[in-house]
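Those sequence lines, one after another, are chains A and B.
In terms of my numbering, the first sequence opens at residue 6 and continues consecutively.
In terms of my numbering, the second sequence opens at residue 6 and continues consecutively.
Be aware that a few hints might be false.
20 Å max Cα-Cα, derived SDA-like pairs, lysine to any residue [stated by the list, open to error]:
1. B:Lys103 - A:Gly295
2. A:Lys298 - B:Cys44
3. B:Lys298 - A:Gly202
4. B:Lys59 - B:Met222
5. B:Lys103 - A:Gln277
6. A:Lys103 - B:Ser198
7. A:Lys103 - B:Pro205
8. B:Lys103 - A:Asp191
9. B:Lys201 - A:His228
10. A:Lys181 - B:Gly113
11. A:Lys103 - B:Pro194
12. B:Lys300 - B:Gln277
13. A:Lys300 - A:Arg347
14. B:Lys201 - A:Pro205
15. A:Lys298 - B:Lys59
16. B:Lys298 - A:Pro205
Coverage of chain B stretches by chain A, computed from C-beta distances (three or more under 8 Å per stretch; other residues unrestricted) [unchecked claim]:
17. 16-23
18. 71-78
19. 313-319
Here are the in silico distance ranges between beta carbons for each label pair [to be verified]:
20. A:Arg182 - B:Arg196: 34 to 40 Å
21. B:Ala142 - A:Pro60: 48 to 54 Å
22. A:Gly227 - B:Ser97: 48 to 54 Å
23. A:Pro10 - B:Gly284: 48 to 54 Å
24. A:Val11 - B:Ala128: 53 to 59 Å
In case anyone wonders, no lab produced these hints; they're calculated from the structure.
Note that the coordinates shown come from a computational prediction; the quantities given were computed from them, not determined experimentally.
Note that the Cβ used here is the ideal one computed from N, Cα and C, for glycine as well.
There are 2 protein chains.
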Amino acid sequence: MASDPVQSAEDMILLIPGPTPVPGRVLRAQSRRMINHRCPAFHELLQRVTAGLKPCFRTAGDPLLLTASGTGGLEAALVNTLSPGDRVLAVSTGAFGKRFADIAAAYGAEVSRLDVEWGLPGALVLVDAISGLLATALEHDAWGLDVTVAGSQKAFMIPPGLSFVAMSDRAWEASKRARMPRFYFDLEPARTSLAKGENPWTPAVSLVYALDEALAMIAEEGHEAMLARHLRLRDGVRAGCRVLGLEPLAADSCASPAVTALRVPDGLDEPQVRARLRGRYGVEIAGGQGHLKGKIVRIGHLGWVSETNVLQGVALLGQALRDLGRPVDPAAAVAAAEAATRGNA
Amino acid sequence: MASDPVQSAEDMILLIPGPTPVPGRVLRAQSRRMINHRCPAFHELLQRVTAGLKPCFRTAGDPLLLTASGTGGLEAALVNTLSPGDRVLAVSTGAFGKRFADIAAAYGAEVSRLDVEWGLPGALVLVDAISGLLATALEHDAWGLDVTVAGSQKAFMIPPGLSFVAMSDRAWEASKRARMPRFYFDLEPARTSLAKGENPWTPAVSLVYALDEALAMIAEEGHEAMLARHLRLRDGVRAGCRVLGLEPLAADSCASPAVTALRVPDGLDEPQVRARLRGRYGVEIAGGQGHLKGKIVRIGHLGWVSETNVLQGVALLGQALRDLGRPVDPAAAVAAAEAATRGNA
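With the rest of the complex left out, here is chain A (with noise of 0.2 Å):
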């Protein structure tokens, strides 16, 4: 591995599910001196946030911030919604649809794991949107969803250590039944505090800083257009990476906007590539979760990453998988790439 003395993580390329780069002006942001979280202006601050997520979620009600990763705020949808021994369908699409049902059997909920199509008319649904959000299109007033739990270090572009949610007035009701004990994540003294602009518990302050900022640049580019960054992003990458021959794991018809899943070929070695690809380029990406462990990569296109930054990520993979013996053309991925962000794919 080649070591380089002024190239360090901080400097990588980072093209992960998260956290994901996080904007200068939302990392000057996030330095500002603390505020009493009890001061009119921290109820002003979390009121104007509080504001900026309701357009995120497309609710007309009031998202909750939680000082917690995304696992917290999975937490906070079940317990607040359910009672032990209740039936829950878990639909799950990979590593983290298995922690959402882990977390309700957890607390004693009688999970059914199932591969197929939702869709059980009258029941609660609560969505793992945390990767999704703001990388793809949803609804939650309109699709009739009941909890919709986002993070913040996926799209919303700023670091680790908030987690959204956004409640149907069928999950409030709900609320008022579930027997799951909770305190932490009770949902119920969060919505009554927020009324004073306050947490019931003291926030992460610095990422309130860091959200409010990132919020407003969220408005800057609007939500229509944020969506069809993705879009372009995802068919980069997936555009590019065909021609490397590394072969998407999902078909185009269902391909999330916020992450590629990539199938390693045999003869490659996954964490070489990876090892390869950090030392000598640069270039920081994930590998599989789970029974994928080893036999995928996955490149991260969400939050604030460019085109620029996709072109960057496929040209130097090219260049490492050269390096490792593939007879690869980057160049040509490259061109790949650049057509599929313009459409012309």
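Since chain A is already given, all that's left is putting chain B on it; use the hints.
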């Protein structure tokens, strides 16, 4: 209320029990770019901060890092050691002691709330040291404590959003039998992941950067010096405020080195005192909680607080009281505070 166009909430002299002021070098460390939390650089970082946390807790074990406020750490202490129906003796000296007991009750423990001296030989001892750790002596190992919980936004001098939990061997034994449901706050996966330099869920990376820098500052000052400084700050606040006619709530024999609660004399309106102090003199102090709301003010003097900050606070509190018609002598209060910080009270 005076309105000052260039004075904002961030420009306050922050004398509250948390969030405490964050040193400039910690704010700058915090604003570093994101890295993959599943990469060698993060593994090294997490292992370094874990090593740095050990002397703070005075433990040979590895304290665990949670992305949550202190309340989440308290929940972790309880759900990892107890089962529904277990008897808990809650020794509470204030609003947060009540919270610890409330969490236990929410998860089905049988809670007795006592105001007596503690000591239950054989039982597990779970300590809420969120505000106290590093401000006052605590020896997790030597005192035989089982679970000690601390929080980032206190004497650790970093923004809110992280909680730290030290466990004894007895606590780990108890965790095998503990039947309270848990997932996000389950400490066993945290311990297992730490061996790889990872957190089980995505950690608040920017706050871990901040912790890394703050632990360096804590090591530079030295544990004993840090405790001694907090005692000097405490003595200065108490002596100065007494001259201003604000009597400490706690006796000298059990006065906290972290925060001083002061009775608001009859005829003074507590919100008016804090509003005048904030609005005209740029000093933020806290009010009371629970049944003491409106009857006390609380001055935080933990973390990155200097003797200068204490003298500023006393002088300006004196000014605010004068403005509200109290016949106090701020200069005499400052002199008393200064003498007390030099051990000449």
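Original post:
Can the restraint linking lysine 298 of chain B and glycine 202 of chain A be considered satisfied, given a maximum Cα separation of 20 Å?
Top reply: holds (18 Å)
Original post:
Quick one, are lysine 201 of chain B and proline 205 of chain A close enough, alpha carbons at most 20 Å?
Top reply: Violated, at about 34 Å.
**OP:** Just tell me: holds or violated, for the beta carbon distance of glycine 227 of chain A and serine 97 of chain B against 48 to 54 Å?
**Re:** For glycine 227 of chain A and serine 97 of chain B the Cβ distance comes to about 51 Å; the hint holds.
Subject >> Pairwise hint evaluation, glutamine 277 of chain A against lysine 103 of chain B, where the allowed Cα distance is 20 Å at most >> reply: Answer violated: lysine 103 of chain B to glutamine 277 of chain A is near 53 Å, above 20 Å.
Original post:
Measuring from beta carbon to beta carbon, are arginine 182 of chain A and arginine 196 of chain B in 34 to 40 Å?
Top reply: holds (35 Å)
Original post:
Are the Cα positions of lysine 298 of chain B and proline 205 of chain A separated by 20 Å at most?
Top reply: Roughly 16 Å separates the two Cα atoms, so the pair holds.
Original post:
Are the Cα positions of lysine 298 of chain A and lysine 59 of chain B separated by 20 Å at most?
Top reply: Violated - the C-alpha atoms of lysine 59 of chain B and lysine 298 of chain A are around 33 Å apart, more than 20 Å.
Original post:
Are the Cα atoms of lysine 201 of chain B and histidine 228 of chain A separated by 20 Å or less?
Top reply: Not satisfied, since the Cα-Cα distance of roughly 39 Å exceeds 20 Å.
Subject >> Holds or violated: lysine 103 of chain A to proline 205 of chain B, with C-alpha atoms at most 20 Å apart >> reply: holds (14 Å)
Original post:
At the C-beta level, are alanine 142 of chain B and proline 60 of chain A separated by a distance inside 48 to 54 Å?
Top reply: holds (50 Å)
**OP:** Tell me if chain A covers the segment 71-78 of chain B under the three-residue, 8 Å CB rule, please?
**Re:** Held - the segment 71-78 of chain B has 6 residues with a Cβ nearer than 8 Å to chain A, which meets the minimum of three.
Original post:
Going straight from one Cα to the other, do lysine 300 of chain A and arginine 347 of chain A come out at no more than 20 Å?
Top reply: Violated, at about 30 Å.
Checked against the numbered hints above, the structure violates hints 1, 5, 9, 13, 14, 15 and 19; every other hint is satisfied.
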